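Put chain B on the given structure of chain A with help from the hints.
Protein chains: 2
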Amino acid sequence: MAIDSVFKHAYGVVIAGGSGTRFWPLSRRRHPKQLLTLFGRQSLLEQTLARIQPIIPSNQIYIFTRAPLLQNIRRLLPRLPSNQIFGEPASRNTAPTLAVAAQEIARRDPEGLMVVLPSDQIIAKPALFRRLLAAACRVATEPGRSVVLGLKPTRPETGFGYIRLGRRQGRVAGREVFHVESFTEKPALAVARRYVASGRYLWNGGIFIWKAATLLENFQRFQPDMAGLVRQIADAGGIRSQVFRRLYPKFQKISIDFAIMEKISDIYAVPADIGWNDVGSWAVVYELSRQDSEGNVRSGVGFSLDSQHNMLVSPKKFVVTIGIHDLVVVETDDALLVCTRERSQDVGKAVQQLERLGRDDLL
Amino acid sequence: MAIDSVFKHAYGVVIAGGSGTRFWPLSRRRHPKQLLTLFGRQSLLEQTLARIQPIIPSNQIYIFTRAPLLQNIRRLLPRLPSNQIFGEPASRNTAPTLAVAAQEIARRDPEGLMVVLPSDQIIAKPALFRRLLAAACRVATEPGRSVVLGLKPTRPETGFGYIRLGRRQGRVAGREVFHVESFTEKPALAVARRYVASGRYLWNGGIFIWKAATLLENFQRFQPDMAGLVRQIADAGGIRSQVFRRLYPKFQKISIDFAIMEKISDIYAVPADIGWNDVGSWAVVYELSRQDSEGNVRSGVGFSLDSQHNMLVSPKKFVVTIGIHDLVVVETDDALLVCTRERSQDVGKAVQQLERLGRDDLL
Chain A
66 MAIDSVFKHA
76 YGVVIAGGSG
86 TRFWPLSRRR
96 HPKQLLTLFG
106 RQSLLEQTLA
116 RIQPIIPSNQ
126 IYIFTRAPLL
136 QNIRRLLPRL
146 PSNQIFGEPA
156 SRNTAPTLAV
166 AAQEIARRDP
176 EGLMVVLPSD
186 QIIAKPALFR
196 RLLAAACRVA
206 TEPGRSVVLG
216 LKPTRPETGF
226 GYIRLGRRQG
236 RVAGREVFHV
246 ESFTEKPALA
256 VARRYVASGR
266 YLWNGGIFIW
276 KAATLLENFQ
286 RFQPDMAGLV
296 RQIADAGGIR
306 SQVFRRLYPK
316 FQKISIDFAI
326 MEKISDIYAV
336 PADIGWNDVG
346 SWAVVYELSR
356 QDSEGNVRSG
366 VGFSLDSQHN
376 MLVSPKKFVV
386 TIGIHDLVVV
396 ETDDALLVCT
406 RERSQDVGKA
416 VQQLERLGRD
426 DLL
Chain B
66 MAIDSVFKHA
76 YGVVIAGGSG
86 TRFWPLSRRR
96 HPKQLLTLFG
106 RQSLLEQTLA
116 RIQPIIPSNQ
126 IYIFTRAPLL
136 QNIRRLLPRL
146 PSNQIFGEPA
156 SRNTAPTLAV
166 AAQEIARRDP
176 EGLMVVLPSD
186 QIIAKPALFR
196 RLLAAACRVA
206 TEPGRSVVLG
216 LKPTRPETGF
226 GYIRLGRRQG
236 RVAGREVFHV
246 ESFTEKPALA
256 VARRYVASGR
266 YLWNGGIFIW
276 KAATLLENFQ
286 RFQPDMAGLV
296 RQIADAGGIR
306 SQVFRRLYPK
316 FQKISIDFAI
326 MEKISDIYAV
336 PADIGWNDVG
346 SWAVVYELSR
356 QDSEGNVRSG
366 VGFSLDSQHN
376 MLVSPKKFVV
386 TIGIHDLVVV
396 ETDDALLVCT
406 RERSQDVGKA
416 VQQLERLGRD
426 DLL
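Chains as they are written, first to last, in my numbering: chain A, 66 to 428; chain B, 66 to 428.
Note that these hints are calculated values from the structure, not bench results. Given the structure is predicted, the values throughout are model-derived calculations rather than measurements. Any given hint might turn out to be false.
Identical chains share a label here; the pair holds if one copy fits it or two copies do between them.
[Stated by the list, open to error] Below, in silico cross-link-like pairs of lysine to any residue (SDA-like), each with a Cα-Cα straight-line distance of 25 Å or less:
#1 K414 <-> V366
#2 K414 <-> Q356
#3 K414 <-> D357
#4 K381 <-> V366
#5 K414 <-> H390
#6 K315 <-> K328
#7 K315 <-> P183
#8 K315 <-> Q136
#9 K381 <-> H96
#10 K414 <-> R220
#11 K414 <-> D391
#12 K381 <-> L428
#13 K251 <-> L353
#14 K190 <-> S123
#15 K381 <-> T405
#16 K381 <-> R424
#17 K328 <-> R286
#18 K381 <-> R95
#19 K381 <-> R363
#20 K318 <-> H96
#21 K414 <-> E359
#22 K414 <-> G360
One chain only, chain A, in its complex shape (with noise of 0.2 Å):
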């Protein structure tokens, strides 16, 4: 089976609703994570396209995103017909975004095969990734079947859902596939080193293979009320009806991984080396980027005297460092932050607290 052929009923279906908290002040409601230039000169979202669209055509992929991002994705993507991507009237998660997803493309093909991709992530080896997506799309055409890429841990993050890996199952189109035993939730610190160290673990990044068939069945066995409102919207015209706008908001908020993937049982993995990174804060986009001679990272115009291993970010302005180590510097119009590197995880907590002081202008 070429590669051709193996996509041939395959359906991206990218998710781009994240609020992209972690890098604020570049980071905001209406312009979150995904539509970022963090690395090179194309948007996380931008990125991920380019990614797939060697095997899955433009008309086959599907954007879902918040209702407010709509217009800005839009012009991001003119090449995408603008009408593939939808804009949710509510931020319900991921389990009814995918629903309602599976519902739009088994209504337009009976044999359509979801690939689910996360909008914010970075792959380093983007032909390995299309090569075990071949795999992951042979695998799961067999109805019933989900499958889920599963992505070698590299340090024991607490952050990540983790895959336990079952029974090898063999090679498929040369890779091998594992049936999965369990998905877990985040781990404590001690329980994620014995994952890593055990080898039988992987990360859970959110990137998922099936049939939309085979997600409405187990949305009809495990989550009917959802499969349910799937019906409702599908009966008055799909997803593309005022009646989603006015059924969407009642659904229940929750991700596909408590929804589904933790109920099922035919579900495998294809172990992915693929240089994959959720880019989870500043201080992973300074790990990311080129450093100069002295350790830092510039986007923007300055110098720096005596200063060592900064992350500085300045559009506009001229910024100098004098005697400063390990700091993230993050300049925008309205709001400057600096950060530690070691506590750049936390400028959600920044986040919380300018909504707390109801600064939704900086929000």
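Just chain B, lined up with the frame of chain A:
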């Protein structure tokens, strides 16, 4: 002799030509330190004037600055007669300034006493300062005498000149007066430590008192070339004439300390424990400002998480800090400085670097 009568012939000569690179990016060539509002609601220059206005009427106060600052200063001081604010056509340090000031004042009032005041210092005890000036003026009324306010050293500062006290002369208007044995240049640290420990040395902060006629005689004797230029300017109509603009650049660039003070012997010091500070760096502004419970000083809006002992200056932006300590952060429309408090005396080096880079727009 009442204070009023002591000051009858006193003329304030405020030196406001400094370029103030140490407060970059807030200070600029056209907006130097003396024009900054670092404390309270007034600039250092306005505070300098407010300090002497109870004893010297506005029409007896002269301000000497650089020509490019003339309009800014006239706008800042609308109540001072604008023809008492002079813009020097070239920067020639303090000796030429005081020579032409002496000529102007002697012409206006043959008994005129000059009270020379740098414009970029703070004095915590202004009432005591004025009483000490009264004593200094009484000493200086005698022809031939020069007087300096000797500032009580609080640390072995290597950036100032020191005054070595000679014989005690007794009290004048209730204040101690000493003969000055010598003026010294900026000492090395070990020397400065000896000076401070000895109790025989005071700081020279550039606050001088003498009759204009006395200073002119001293120029005639020790700097005859400069005295000749002063006479030429006087013959052509004084410092308001076109000739002034043409001749002033011909002056040697030299401080009053080198040109005159280190050469004369009829010189007296009035020790002054007046809470004097020359505000030499952002670290000093931090020390002198009101700190919040975390030891942070903030000018502008924002909040800090787990951040201590920082100086945050942002007139326009919302500044958030996380986990930082002992930093200086200063933001303007076009530039941003992030510097450790410890290294804030090196801001001048950054300005030199900007000069080398040809970034006149940022100077």
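Results of checking the hints against the structure:
1. Proximity of K414 to V366 under the C-alpha cut-off of 25 Å is restricted to the inter-copy arrangement: shortest distance 18 Å between copies versus 29 Å within a copy.
2. Taking the shortest alpha-carbon separations for K414 and Q356, only the inter-copy value of 24 Å comes in at or below 25 Å, while the best intra-copy value is 27 Å.
3. Proximity of K414 to D357 under the C-alpha cut-off of 25 Å is restricted to the inter-copy arrangement: shortest distance 21 Å between copies versus 30 Å within a copy.
4. When the C-alpha separation of K381 and V366 is checked against a cutoff of 25 Å, the pair qualifies both within a copy, at 8 Å, and between copies, at 20 Å.
5. Taking the shortest Cα distances, K414 and H390 sit within 25 Å of each other both inside one copy (22 Å) and across copies (18 Å).
6. Proximity of K315 to K328 under the C-alpha cut-off of 25 Å is restricted to the intra-copy arrangement: shortest distance 22 Å within a copy versus 90 Å between copies.
7. In this homomeric assembly, K315 and P183 come within 25 Å of each other (Cα to Cα) only inside a single copy, at 23 Å, whereas the closest approach across copies is 72 Å.
8. Taking identical chains as interchangeable, the C-alpha atoms of K315 and Q136 lie at most 25 Å apart only when both belong to the same chain, with a minimum of 24 Å there against 66 Å between chains.
9. Taking the shortest Cα distances, K381 and H96 sit within 25 Å of each other both inside one copy (18 Å) and across copies (22 Å).
10. Taking the shortest alpha-carbon separations for K414 and R220, only the intra-copy value of 24 Å comes in at or below 25 Å, while the best inter-copy value is 42 Å.
11. Within a single copy, K414 and D391 get their C-alpha atoms as close as 20 Å, and across copies as close as 22 Å, so both meet the 25 Å cut-off.
12. For the homomeric pair K381 and L428, the shortest alpha-carbon distances inside one copy (20 Å) and between copies (17 Å) are both at most 25 Å.
13. Taking CA atoms no more than 25 Å apart as the test, K251 paired with L353 passes inside one copy only; the shortest distance there is 24 Å, against 48 Å between copies.
14. Only within a single protomer do K190 and S123 lie at most 25 Å apart by alpha-carbon distance; the minimum there is 21 Å, versus 75 Å between protomers.
15. For the identical chains of this complex, K381 and T405 are neighbours both inside a copy (22 Å) and across copies (23 Å), given an alpha-carbon limit of 25 Å.
16. Proximity of K381 to R424 under the C-alpha cut-off of 25 Å is found in both arrangements, the shortest distances being 23 Å within a copy and 15 Å between copies.
17. Proximity of K328 and R286 under a CA criterion of 25 Å is satisfied intra-copy only: 10 Å inside one chain copy versus 101 Å between copies.
18. Taking the shortest Cα distances, K381 and R95 sit within 25 Å of each other both inside one copy (20 Å) and across copies (22 Å).
19. In this assembly of identical chains, K381 and R363 lie within 25 Å of each other by CA distance both inside one copy and across copies; the values are 12 Å within and 23 Å between.
20. Within a single copy, K318 and H96 get their C-alpha atoms as close as 22 Å, which meets the 25 Å cut-off; across copies the closest is 56 Å, which misses it.
21. In this assembly of identical chains, K414 and E359 lie within 25 Å of each other by CA distance solely across copies; the values are 18 Å between and 30 Å within a copy.
22. Only between protomers do K414 and G360 lie at most 25 Å apart by alpha-carbon distance; the minimum there is 21 Å, versus 27 Å within a single protomer.
No hint from the list above goes unmet by this structure.
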